[in-house]
Amino acid sequence: MGLRAGHDQIYFGRWRRMEANSIDLRRAYHQLERLLREIAVALESEDLPAARLDLGKAIDALHASGPGEDGPEALRHLDHALSYAHRVIGDLLHEKGLPPHSPADFAGWFDAGEVPFREDW
Amino acid sequence: MIPLDRYPKGITLRDDARAVLRPMISKDAEGVWNFLRHLPEIDKSHFHEDVDRREVVERWAASLDYDAALPILALQESRVVGSATLYRNRTGWKQRVGIVRILIASDLRHKGLGTAMIREIRHLGEKLALNYLLAEVIEEQQAAVRALERMGFEKAAVHRNFANDRTGGLHNLVVLLHPLSGLEK
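If you read the protein sequences in the order shown, they are chains L and X.
Going by the working numbering, the residue at position 83 of the first sequence is 83; the numbering climbs one at a time, nothing skipped.
Going by the working numbering, the residue at position 164 of the second sequence is 164; the numbering climbs one at a time, nothing skipped.
Any given hint could turn out to be false.
[Said to hold, decoys possible] To be clear about the criterion: a stretch of chain X counts as covered by chain L if any three or more of its residues have a C-beta under 8 Å from a C-beta of chain L, and this derived list gives those stretches:
(1) 27–35
(2) 141–154
[Said to hold, decoys possible] Here are the simulated BS3-like cross-link-like pairs (lysine-lysine), alpha carbons at most 27 Å apart as the crow flies:
(3) L:Lys-57 with X:Lys-94
(4) X:Lys-44 with X:Lys-94
(5) X:Lys-27 with X:Lys-155
(6) L:Lys-96 with X:Lys-44
(7) L:Lys-96 with L:Lys-57
(8) X:Lys-9 with X:Lys-27
(9) X:Lys-44 with X:Lys-27
(10) X:Lys-94 with X:Lys-27
(11) X:Lys-94 with L:Lys-96
(12) L:Lys-57 with X:Lys-155
(13) X:Lys-155 with X:Lys-127
(14) X:Lys-94 with X:Lys-127
(15) X:Lys-44 with L:Lys-57
(16) X:Lys-155 with X:Lys-44
Keep in mind the hints are simulated off the structure, nothing from the lab.
Note that beta-carbon positions come from the ideal geometry of N, C-alpha and C, so glycine has one too.
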């Protein structure tokens, strides 16, 4: 599923690093916007009200961050939007009977040293 | 009416092992009893009755009422490896609140089964137009607390020395709430 790859590209993007600049944040905003659009298309044919609710929250968080904004608030909103998006992708995978997705499994592809996220229950 | 047409539902865990989710039926008494009695002691503390006693589980199985308590089981072949129960009040001021209890076999933990069960209960909560899901977890069960939080539950309270286990030991009880879209209607 391309949504997982799209999620991970953003998850491991430069915008979350200490050296990130406003261009990185703007790029992340637009990548996330595209990802949420793709998720909305995938959700259209599914009867998943909880996932729809999360998608709405993701879109709200994305809009709260604003395309030209930077600073810790914008970063926080983008981070929330990505978390909601991940939950929706998880719902879609669950619905199709596929294994859960954990970005940690793909950290090596993105040259990421440490991943704070683990599916642990 | 509870929408149960999605069952049986196949899922895949992190290690690619498969499991099937479906509502408990009366014939599951033996499997559920085996599952419950092998749980860690702390997990059994939730129950009002002694789940090590077979007749207790047999009585539950004989009196299933999905409108009051809907137990969704996770099975591998014929073995019960997890359960997620959604409790509801049919009337009264908490009729839009679903109470959640999720139990996972010790050897199936950290494979995503608990999270899959939370997803299932969230789905049912939405289909039943509930306003909130409520989960109570002993504070030591941090993996469960984290998984619930990642799935949208928010810590509403931590009651100190609130819950006692079967040996009399006291534990902090974490209460978590998940707002559902019924709230917005």
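Mind checking the alpha carbons of Lys-96 (chain L) and Lys-44 (chain X) for me, to see if they're no more than 27 Å apart? Distance of about 32 Å is beyond 27 Å: violated.
Need the status of pair Lys-96 (chain L), Lys-57 (chain L): alpha-carbon distance at most 27 Å? Holds, at about 23 Å.
Pairwise hint evaluation, Lys-127 (chain X) against Lys-94 (chain X), where the allowed Cα distance is 27 Å at most: Answer holds: Lys-94 (chain X) to Lys-127 (chain X) is near 17 Å, not above 27 Å.
For the pair we were handed, Lys-57 (chain L) and Lys-155 (chain X), check the Cα-Cα distance against 27 Å. Distance of about 19 Å is within 27 Å: holds.
Between the alpha carbons of Lys-27 (chain X) and Lys-155 (chain X), is the straight-line distance 27 Å or under? Violated, at about 36 Å.
Sort out whether Lys-57 (chain L) lies within 27 Å of Lys-44 (chain X), counting only the CA atoms. 36 Å, violated
For Lys-44 (chain X) and Lys-27 (chain X), compute the direct alpha-carbon distance and say whether it is at most 27 Å. Answer holds: Lys-44 (chain X) to Lys-27 (chain X) is near 22 Å, not above 27 Å.
Is it true that the CA of Lys-94 (chain X) sits at most 27 Å from the CA of Lys-96 (chain L)? 33 Å, violated
Coverage of the stretch 141–154 of chain X by chain L (three or more Cβ within 8 Å): holds (count 7)
Are the Cα atoms of Lys-94 (chain X) and Lys-27 (chain X) separated by 27 Å or less? Given pair Lys-94 (chain X), Lys-27 (chain X) is violated - Cα atoms ~31 Å apart, limit 27 Å.
Within a Cα-Cα threshold of 27 Å, do Lys-155 (chain X) and Lys-44 (chain X) meet the stated pairing? 22 Å, holds
Within 27 Å, alpha carbon to alpha carbon, are Lys-155 (chain X) and Lys-127 (chain X)? 23 Å, holds
In terms of the numbered hints stated before, the structure departs from hints 1, 5, 6, 10, 11 and 15, listed from lowest to highest.
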